[in-house]
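Asker: Here is how the chains run, residue by residue.
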Amino acid sequence: MHHTIDVRDLTFTYPDGRVALRGVSLFVAPGEKVALVGPNGAGKSTLMLHLNGILKGQGEVRVCGTRIEEGSIGEIRAAVGLVFQDPDDQLFSATVFDDVAFGPLYMGLPEEDIRSRVQHALEAVELNDYGDRVCHHLSGGEKKRVAIATVLSMDPEILVLDEPTAGLDPRARRSLIHLLHDLPQTMLVSTHDIPMVAELFERTVVIDEGEIVFDGSTQSLMADRNLLAQHGMEIP
Amino acid sequence: MHYNLTDQYRHQTSFLHGLDPRVKVITAVGYILAVSLTPEGAWWAFAFFFLVLCLAVYLSQLGIFFTIRRSFIALPFILAALSVPLITPGPVIWRIPGLNWAVSEPGLIRFLSILLRSWLAVQAAILLTAVTRFPNILWALESLKFPRVLVSTIGFMYRYLFVVADEVTQMVRARASRSARISGAPRRSVLWQGKVAGAMVGSLFLRALERSERVYAAMLSRGYDGCIRSLTRFQMRQRDWISLGLAGLLLIVPLGLGWMV
Numbered sequence: 001m002h003h004t005i006d007v008r009d010l011t012f013t014y015p016d017g018r019v020a021l022r023g024v025s026l027f028v029a030p031g032e033k034v035a036l037v038g039p040n041g042a043g044k045s046t047l048m049l050h051l052n053g054i055l056k057g058q059g060e061v062r063v064c065g066t067r068i069e070e071g072s073i074g075e076i077r078a079a080v081g082l083v084f085q086d087p088d089d090q091l092f093s094a095t096v097f098d099d100v101a102f103g104p105l106y107m108g109l110p111e112e113d114i115r116s117r118v119q120h121a122l123e124a125v126e127l128n129d130y131g132d133r134v135c136h137h138l139s140g141g142e143k144k145r146v147a148i149a150t151v152l153s154m155d156p157e158i159l160v161l162d163e164p165t166a167g168l169d170p171r172a173r174r175s176l177i178h179l180l181h182d183l184p185q186t187m188l189v190s191t192h193d194i195p196m197v198a199e200l201f202e203r204t205v206v207i208d209e210g211e212i213v214f215d216g217s218t219q220s221l222m223a224d225r226n227l228l229a230q231h232g233m234e235i236p
Numbered sequence: 001m002h003y004n005l006t007d008q009y010r011h012q013t014s015f016l017h018g019l020d021p022r023v024k025v026i027t028a029v030g031y032i033l034a035v036s037l038t039p040e041g042a043w044w045a046f047a048f049f050f051l052v053l054c055l056a057v058y059l060s061q062l063g064i065f066f067t068i069r070r071s072f073i074a075l076p077f078i079l080a081a082l083s084v085p086l087i088t089p090g091p092v093i094w095r096i097p098g099l100n101w102a103v104s105e106p107g108l109i110r111f112l113s114i115l116l117r118s119w120l121a122v123q124a125a126i127l128l129t130a131v132t133r134f135p136n137i138l139w140a141l142e143s144l145k146f147p148r149v150l151v152s153t154i155g156f157m158y159r160y161l162f163v164v165a166d167e168v169t170q171m172v173r174a175r176a177s178r179s180a181r182i183s184g185a186p187r188r189s190v191l192w193q194g195k196v197a198g199a200m201v202g203s204l205f206l207r208a209l210e211r212s213e214r215v216y217a218a219m220l221s222r223g224y225d226g227c228i229r230s231l232t233r234f235q236m237r238q239r240d241w242i243s244l245g246l247a248g249l250l251l252i253v254p255l256g257l258g259w260m261v
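Chain order of the listed sequences is A and B.
Position 37, counted from 1, in the first sequence is what the working numbering calls 37; the numbers after and before it change by one each time, with no gaps.
Position 34, counted from 1, in the second sequence is what the working numbering calls 34; the numbers after and before it change by one each time, with no gaps.
Hints are supplied without guarantee of correctness; some may be wrong.
Calculated from the model, a selection of chain A residues having no Cβ within reach of chain B, i.e. all distances over 10 angstroms [unchecked claim]:
#1 40
#2 74
#3 89
#4 103
#5 120
#6 163
#7 184
#8 209
#9 219
Simulated coverage check for chain B against chain A, where a stretch passes if three residues somewhere in it have a Cβ under 8 angstroms from a Cβ of chain A [to be verified]:
#10 99-112
#11 227-241
It should be emphasised that the hints constitute simulated quantities derived from the structure, not laboratory data.
As the structure is a prediction and not an experimental result, all values here were calculated from the model.
Where is the CB? At the ideal position from N, CA and C, for every residue including glycine.
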């Protein structure tokens, strides 16, 4: 089975002894778009960093049917596009082109392929002529879009996004929501943006103190005011 | 809130802008070397070098005074050579009134030569960065077999200098916003202010360290495996080769002139 995320009984403790994940199990089906919500420090980012093997905890993580191990890590990283929260971390090259080309370059593709992938990725985020731009001079919304393009160019099966709408103005947020809606990949999106969750995702996973406390339809979550209040969320 | 460390690059569609960056890097470095190797007091050679520079500035279409105007930034560094006329032995031509320090003739010649060399070299570097985009300079260095680790270190520095400068601006503003003082209260000591500044530098360092870890994770996520790779950007065309040859000629002639005369 492809395009899946399959996490089983994952536990992770940071070197300083803080337990970030306690027996997390999660299954995301092909093509499904799932929201991951929960308070700050709940373990959202930690979980995401496990999905392409940056962090390694106890338990099992399978992505696209492949277990994450030393030998499969390159393959996994090409299949999972992980977009970090701060685009200044994601965009480390001098120009937009270099950054979007980084992933395909390390996949070992021939140059013409790399160029056409960069072209397509920039088209997908509607920043066609941005190749020569210097990353530092972009606006917040543009940076987020370029950050997404940097993983789209790798043609991933799964997109994992960490707080994609954080710090965006309403217009940039709106166009990002449209973009996420139109992208066909399997998606796991961590966010505090509850209105976006209600609009875009049928399924929501709530994580708090390293444990999954809710996993079900967004509609039923929104109806459960007690649960929401218990984990520090508000319905707008 | 954006720190605009002014980019040195000035966009134009001149002949110089259109050259392969490798040609420009080689020529600029060659120029600096040639100027540095020209013997002291070879004024004709220096004049020739200045004309070569003027020709390049003319070809860049940035205005003939462009590099001269910017070259004053480097003026303070000349101070380092200020003692040269005083400590070089030789016939004394002048004594500083009041101090009675002797200025020797060979010392003065040496000082003026250093002054001219650095002034010309700085202008060459200014012109290079004005007509070549920074990423292209990096690419040129890399394809000229400059050590890749160094090139990518410079690349990251260029990318994150702006980000760190933004963070500094934010911190300074945050400090200023909380630096209130009740009227009549005594001023804090310099030592105390120094401590605050020190703590700011420390936390900036920690932030940079944490960021470097996140950036590294982002690189790993996209398949980074420890070797640095890059795409070809430019192909040497006929006019690039011709320019390189002409530039070499224009540098060798004054250098030879300087040593023969």
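Asker: For every hint, state whether the structure bears it out.
Answerer: We went through each hint and held it up to the structure:
1. 40: 16 angstroms, holds
2. 74: At roughly 6 angstroms from the nearest Cβ of chain B, residue 74/A sits no farther out than 10 angstroms, so the non-interface label is violated.
3. 89: 4 angstroms, violated
4. 103: About 4 angstroms separates residue 103/A from the closest Cβ of chain B, which leaves it inside 10 angstroms; violated.
5. 120: The claim stands: residue 120/A keeps its Cβ more than 10 angstroms from every Cβ of chain B (closest is about 16 angstroms).
6. 163: With a cut-off of 10 angstroms, residue 163/A remains clear of chain B, as the shortest Cβ separation is near 13 angstroms.
7. 184: At roughly 20 angstroms from the nearest Cβ of chain B, residue 184/A sits farther out than 10 angstroms, so the non-interface label holds.
8. 209: 23 angstroms, holds
9. 219: About 33 angstroms separates residue 219/A from the closest Cβ of chain B, which puts it past 10 angstroms; holds.
10. 99-112: Contact hint for the stretch 99-112 of chain B vs chain A: violated, 0 residues under 8 angstroms.
11. 227-241: This one holds; 4 residues, not fewer than the three required, reach chain A with a Cβ under 8 angstroms.
Comparing the model with each earlier hint shows violations of hints 2, 3, 4, 10; every other hint is respected.
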